[in-house]
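Chain by chain, the residues:
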Amino acid sequence: MSTTHRGPAAGSPQPGGSPSTDLPPNHVDPEVLEAEQTRWTPLRIAVWVGIALLGAFAWVMIAFARGESVNAIWFVFAAVCSYFIAYRFYSKFIEAKLTRPDDRRATPAEYMANGKDYMPTDRRVLYGHHFAAIAGAGPLVGPVLAAQMGYLPGTIWIIVGVILAGAVQDYLVLFFSMRRGGRSLGQMAREELGTVGGYAAIIATLAIMIIIVAILALVVVNALGESPWGVFSVGMTIPIALFMGVYLRYLRPGKVMEISIIGFILLMAAIVAGGWVAETELGAQLFTLDRITLAWCVIIYGFIAAVLPVWLLLSPRDYLSTFMKVGTIVLLAAAIVVVRPEITVPAVSEFAGRSDGPVFTGSLFPFLFVTIACGALSGFHALIASGTTPKMIEKERQTRFIGYGGMLMESFVAIMALVAAVSIDRGIYFAMNSSPAVTMGTVEGAAAFVNSLGLSGVHVTPELLQGTADAVGEESIVSRTGGAPTLAVGLAHIMNQWIGGASMMSFWYHFAIMFEALFILTAVDAGTRVARFMLTDTLGNFIPKFRDTDWRLGAWLTTAIMVAGWGSILILGVTDPLGGINTFFPLFGISNQLLAAIALAVCLAIAANLKRFKYLWIIMIPLLFDVVVTMTGSWHKIFSSDPTVGYWANHFRFKEALANGETSLGTAQNVEAMEAVVRNTLVQGTLSVLFAVLTIIVVTMAFIEMVKAFRGHQRASHEDPAVESRYYAPSGMLSTPSEKALAKEWDALPYEQRVPTGHGHH
Amino acid sequence: MSDSRTTPLGDLARSWARSALRFGNGVLGADKYEKYLDYHRASGQPGEPMTEREFWRDYQDWQDHNPQGRCC
Chain X
21 MSTTHRGPAA GSPQPGGSPS TDLPPNHVDP EVLEAEQTRW TPLRIAVWVG
71 IALLGAFAWV MIAFARGESV NAIWFVFAAV CSYFIAYRFY SKFIEAKLTR
121 PDDRRATPAE YMANGKDYMP TDRRVLYGHH FAAIAGAGPL VGPVLAAQMG
171 YLPGTIWIIV GVILAGAVQD YLVLFFSMRR GGRSLGQMAR EELGTVGGYA
221 AIIATLAIMI IIVAILALVV VNALGESPWG VFSVGMTIPI ALFMGVYLRY
271 LRPGKVMEIS IIGFILLMAA IVAGGWVAET ELGAQLFTLD RITLAWCVII
321 YGFIAAVLPV WLLLSPRDYL STFMKVGTIV LLAAAIVVVR PEITVPAVSE
371 FAGRSDGPVF TGSLFPFLFV TIACGALSGF HALIASGTTP KMIEKERQTR
421 FIGYGGMLME SFVAIMALVA AVSIDRGIYF AMNSSPAVTM GTVEGAAAFV
471 NSLGLSGVHV TPELLQGTAD AVGEESIVSR TGGAPTLAVG LAHIMNQWIG
521 GASMMSFWYH FAIMFEALFI LTAVDAGTRV ARFMLTDTLG NFIPKFRDTD
571 WRLGAWLTTA IMVAGWGSIL ILGVTDPLGG INTFFPLFGI SNQLLAAIAL
621 AVCLAIAANL KRFKYLWIIM IPLLFDVVVT MTGSWHKIFS SDPTVGYWAN
671 HFRFKEALAN GETSLGTAQN VEAMEAVVRN TLVQGTLSVL FAVLTIIVVT
721 MAFIEMVKAF RGHQRASHED PAVESRYYAP SGMLSTPSEK ALAKEWDALP
771 YEQRVPTGHG HH
Chain D
459 MSDSRTTPLG DLARSWARSA LRFGNGVLGA DKYEKYLDYH RASGQPGEPM
509 TEREFWRDYQ DWQDHNPQGR CC
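For the record, the sequence lines run as chains X and D.
Residue numbers for the first sequence follow my numbering, beginning at 21 and rising by one.
Residue numbers for the second sequence follow my numbering, beginning at 459 and rising by one.
Same shape as in the complex, but just chain D (with noise of 0.2 Å):
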């Protein structure tokens, strides 16, 4: 196969693996900082944002207090 017909096809693998990871991260609830920081500069909150550690010990014991539940 010739470079121009494998281009635009792997350019298309690459944008679904990319569609499909961010799929991922926000099913898993990983993309939760970024969300946090374009909440955090879109309200345009005095300070800066929390940092990437702090904001998850901040979620997590949040957590502690509000607990989600699964079902059977």
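Chain X on its own, in the form it takes in the complex (with noise of 0.2 Å):
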């Protein structure tokens, strides 16, 4: 008996040339799988009723129990449990109706196989190396941010919002950009929605790209500023990763492994002796710097490391930060279920009613929702799942596992960064976070202001914020906004009672630091390299020579003009006068959901052009539900009265306080500030102008393109060709009994059987 058949059925892709009879079939039956996977057996009933009555429990326990606390442990069950009811059964039922892969067609690493980066590669491997793509630091900062209005609004909108937002959007990109060749979302848009959409998509994404960098470079210089200890840490990256660039050009090519955890021991011993550097005097002189040296710093570095050669310290810096970052995520889920911390914060704090909280202002809805974008809906994720990833994947089965699975994984890492932040004292939390304009950067003022706030069960006293620096080997904690800093603590907390105790706080706290603030130096060299070869693109359109990417003076140029882009904006945010991270982090999110919005569009237009109109809301729901919360934002930063959240209104407000010749104006205190506020509120309230309108386009166009293919005037497809496969392998994490016998006859060929070379295909 066979449980796999041969030749293709109908309206399957037709062979290119002869049909490979004499190699095993490329893909398991469908209705014989279907059977394998779906089949309710007894025990397979009790196994999904059991995770479905353990979910249901950790949920009642965050949600509704109203004990004095509640443990960690129920955030992790009520993740994990959601996650495999919604990997098994939402994200089934969109491969069944609306994407719907076929094993039988090639995928682009099948058939435009080149050994570079068109590389089928195996499933769990390529699982690994999308989710060390997708996850950076984004997950660990926003969750730390919305910790402001308690633990179960943010819970809630991580775990729903990547069910039916965030994951589909991941699955959709990477599967429609899988069919063809694995083209960019900027190329897709243009294909999909015109000349105008297409340009506003590429346009915007730029836009976003710029704000993105900015932001996540001013976390960093905001986890650095005044840290000899982080500084110097943080620093020797650098040398580090130049040592590793020449071991594996010159030394010994190809060792990546071993070079990765030579890396790594380094990277430990500078963290250890970064603590050494700082107690001496002349350590903590020559790395105590100021903010706005830091952010020159990062502005110089990111310069040099976008036009130095790759190998010399980006690629090397990224062998290390996937190092790291597979390692940490391991590590923080090991220690939050060995350590069960204890959460006393409440469910829903005083200001989740309130659009003034210290942290971040405005309402719950929409801010939450945007300042909470990794993790649950991230537009930034369309751009590793368009161009990357579909260019390795082995099997068109595999993008669900891979698309929809790995943003489930991403989703729990922003869990456990929420886990971390709610684990410390809530007093504690607020004098980090709350702005140096309010708590005058001493640990008096920041107690008197957190007291003042009127919280409940809080009262912290300068005593408690100077013994937790002195014990995570700070000078001071208070106002060390921007997240980072936040989850160091909470990771500290977490990590000693597992491992090392009371004396290794400072090494975990700044072991936290070196991680988040290597994630986020990887993205912004990655970031401002791709946004240079973006601009170089489409500059090419007008002046041709752009194209040449030997051209020095085009790459300097262009990556200037990057660099010059976001160094500009973060400076704009360390000299904030009302405290930089609070105002800027809004655009951060509401950008990235922007982007969330654009790629959705893009999969709109396509899932309406293959007629799918009946599972159209599988795309509708997180693409309207996103345009309402991003478009509410915009609106709320662009238009509201209220100048604590709306851009123009303190703009006008400062301008108008200038005018009136005053010379200070709430938390700025001279006409300099002010000065400040009026540009910085400009910059933002023109930037939150400029995606609302690109967005607005986009999506627009994406609902002509809809409603025309609704009346029957579909776009061609721009599908690549159909080509027969001659490859196989599994779909999932693990494989069914006829998927492994089917492996299992392809594994007895030789070699040059099974592995795909892009010859003898169309």
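I should point out that these hints are in silico values taken from the structure, not numbers from a laboratory.
Here the structure is a predicted model, which means the values were calculated and not measured.
From the three backbone atoms N, C-alpha and C, an ideal C-beta is built for every residue, glycine too.
Treat each hint with caution, since some may be false.
[Claimed, not checked] One side only, chain X facing chain D, incomplete, derived with CB under 7 Å: (1) 145; (2) 232; (3) 330; (4) 332; (5) 553; (6) 569.
[Claimed, not checked] In silico DSBU-like links for lysine-lysine, alpha-carbon gap of 30 Å or less: (7) X:136 x D:490; (8) D:493 x X:136; (9) D:493 x X:764; (10) D:493 x X:634; (11) X:112 x X:675; (12) X:275 x D:490; (13) D:493 x X:675; (14) X:764 x D:490.
[What the hints assert, rightly or not] Quick list of simulated restraints, FRET-style, between CB atoms: (15) D:516 x X:85: 46 to 54 Å; (16) X:753 x D:509: 30 to 38 Å; (17) D:476 x X:112: 28 to 36 Å.
Take the two lone chains and join them into the complex the hints point to.
Below you can see the structure in the form of structure tokens.
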């Protein structure tokens, strides 16, 4: 009995050359697979009922139990059980109704195999690879800031958002890009939305990349400012990366694992040494840098890293960052399970119903949903899910595991970051995350300010704040805004209970700062480089010379433009009298979510042109929610008359005050600071308007496409022509018996027949 | 414990360690040269494949012109 079937069925792709009759079948019969994967056996029913009950119980514990505290383990169970159910049922539904993968079709990795970027990659390896590419500091920072409103709103949005929005976006973009030879989001937008929509999408993507890089850089600068230990150990990553680069280029090429382990050991040594250096007088003097100096360092670093050859700095740093990423996430998950911290923060805090929170301003709707972007719905992922990952997929059915499943993992990272943030004392949390304008940057000022907030159960003393700073080896923890230091304190708080005790607190704190800085600096230099290439590509349409990537002057010029773009916003953020991150972070979330709206709009147009009208709601739900959230957010930021929320309201308030000859207003103590506020709000307000307008254009074009398609005027498909596959690999994390049997048949072949070469295909 | 009990366990541990290493190498991209060799041999291209040193140099230079994004 054969569980697989041979030969193409009706409507299947036609083989390019002679059908490869000597090869085993290239897919498992979908009906057989269906039966194996979804047939309800008593054991399966029991397992899924068990998962559902455990998940439901965990949700009840975190949402309704009103005891003194709630254990962090329930967050893990609520999240993981929800992910399993969503993956098994909802993503399967999307696969069956909307994407309809066909394993008889060769993927770009097969028919365009070139031994470089088009390379079939084992699905579990690719899962790790894709995860390392999409996850960074974003899911670690957003949930920390959102904890201002209590843990429940953030938890619900992270879990429900990823299931219905974020993972759907990642999966669909990955699938549609794979069907198009791994084309980028910009190229897909141009093809599916026409010239206007396409250009709007490209400009929006460029602008959004600038703002995202700027604000990530701001997070790093805030974390390292006035911290000699942090500056030394993060600074050491540059010589370490250079050494790794030279090692891989000249000493032992290709020994990537070896040098990554060496790099990791050097990194740990740099963290430990940072503690010693910061204690010496010279070290403290040398590495205590104020935020403006640091911002300039990051800007100069960003420019140099983006123009240097990749092998010297960028690629070794990327190895290090990937190594740390996978390791730290596993470590953090293990620590939460082992330590199981008790959480005493209220589920819904006093600030959930107000719009004047000290961490970020604005009401829960929509600002919670933009503060947590990465982890729930992140448009930036669309840039990875199109372009990089689809060129490595072995079989079409694997897109669900990698696209949808990969994003679930990032969501889990966000949940862990939230747990770490809410496991620390609420008084410390607010002292760390309120802007220096209100805390005066002193422990006394911070204690007075936090106690004046009137939060239930919060009484913080200057001694507690100083004690925490001493424990983590920092001069001060007051107003260390940006989320990274708070996460580091939370992580140190959890980790030291598992490994090392109180004496290791300072190590764990700087370990956390180190990996966050590492992720962010990797995103900064890679982002600058990608944005530079996007710019040269666009400019190349008008001045063909820019297309030549070897043209040094062009490369320097376009890099300088991109660095000037994010660098100027970074400087504005660092010098902002209103606190910087508090006013700029919403812009980060809004722009990231607007990119998601663009990605979903492209998917909508594609699905409509495939005539999958009945199931367009799968895309409509996240798209409409996202558009409503970001447009309401932009509306508030542009039109709100409340100066703490609206950029323009604040702009005109300060302008008027200046015109009236006033010399101080609110937290801006002098005319210069007031002028800075006027300037910053102008930039923020203008960017808000620009993003909103571009997104409206793109989404409108997508809806026009949809209506046209509905009326029977579909665009011709831009999919690559179907090519019969001569390759096989199972689809999910685990393989079913018939998948295993077929994979075995293929493994028995000589490698010449099973390694795709891109030849013999069209 | 007797040898008959530890050996299969040891084998299992070794095979797990091997899989973990292979996974780690894959995620880092350390196995690119091996995959290139497979690709080169399977494709039947004329000429010898590049040496490890040549391959990585070629790959790094190619990376210079094909940047890959990293997310936030």
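Tested hints:
Annotation: interface hint on residue 145 of chain X holds; nearest CB of chain D at approximately 3 Å, less than 7 Å. Annotation: residue 232 of chain X was flagged as interfacial toward chain D, and the flag holds, the nearest CB pair being 6 Å apart, inside 7 Å. The beta carbon of residue 330 of chain X comes within 5 Å of a beta carbon in chain D, closer than 7 Å, and the hint placing it at the interface holds. Interface restraint check for residue 332 of chain X: the shortest CB-CB distance to chain D comes to about 9 Å, outside 7 Å, so the restraint is violated.
The interface hint given for residue 553 of chain X holds, since its Cβ lies 5 Å from the closest Cβ of chain D, which is under the 7 Å cut-off. Below 7 Å, beta-carbon pairs count as interface contacts, and residue 569 of chain X has one with chain D at about 5 Å; its hint therefore holds. Between the alpha carbons of residue 136 of chain X and residue 490 of chain D the distance comes to roughly 8 Å, so the proposed pair stays at or under 30 Å and holds. A hinted pair counts as satisfied when its Cα atoms are at most 30 Å apart, and residue 493 of chain D with residue 136 of chain X qualifies at roughly 9 Å.
Taking the CA atoms of residue 493 of chain D and residue 764 of chain X, the gap is about 20 Å. The hint holds against a cut of 30 Å. Between the alpha carbons of residue 493 of chain D and residue 634 of chain X the distance comes to roughly 42 Å, so the proposed pair goes past 30 Å and is violated. Proposed proximity of residue 112 of chain X and residue 675 of chain X is contradicted: the alpha carbons are some 55 Å apart, above 30 Å. In summary, the hint linking residue 275 of chain X to residue 490 of chain D is supported, as the alpha carbons are separated by about 11 Å, within the 30 Å threshold.
Between residue 493 of chain D and residue 675 of chain X, the direct Cα distance comes to roughly 62 Å. Violation of the 30 Å bound is thereby established for this hinted pair. Using a Cα cut-off of 30 Å, the hinted pair residue 764 of chain X and residue 490 of chain D holds, with the two alpha carbons roughly 24 Å apart. Against the hinted window of 46 to 54 Å, the Cβ-Cβ separation of residue 516 of chain D and residue 85 of chain X comes to about 59 Å, which falls outside the hint. Range check, residue 753 of chain X to residue 509 of chain D: Cβ separation about 36 Å, and the 30 to 38 Å hint holds.
Checked against the given bound of 28 to 36 Å, the beta carbons of residue 476 of chain D and residue 112 of chain X, roughly 32 Å apart, stay inside it.
The structure fails hints 4, 10, 11, 13 and 15 (numbered hints given earlier, in ascending order).
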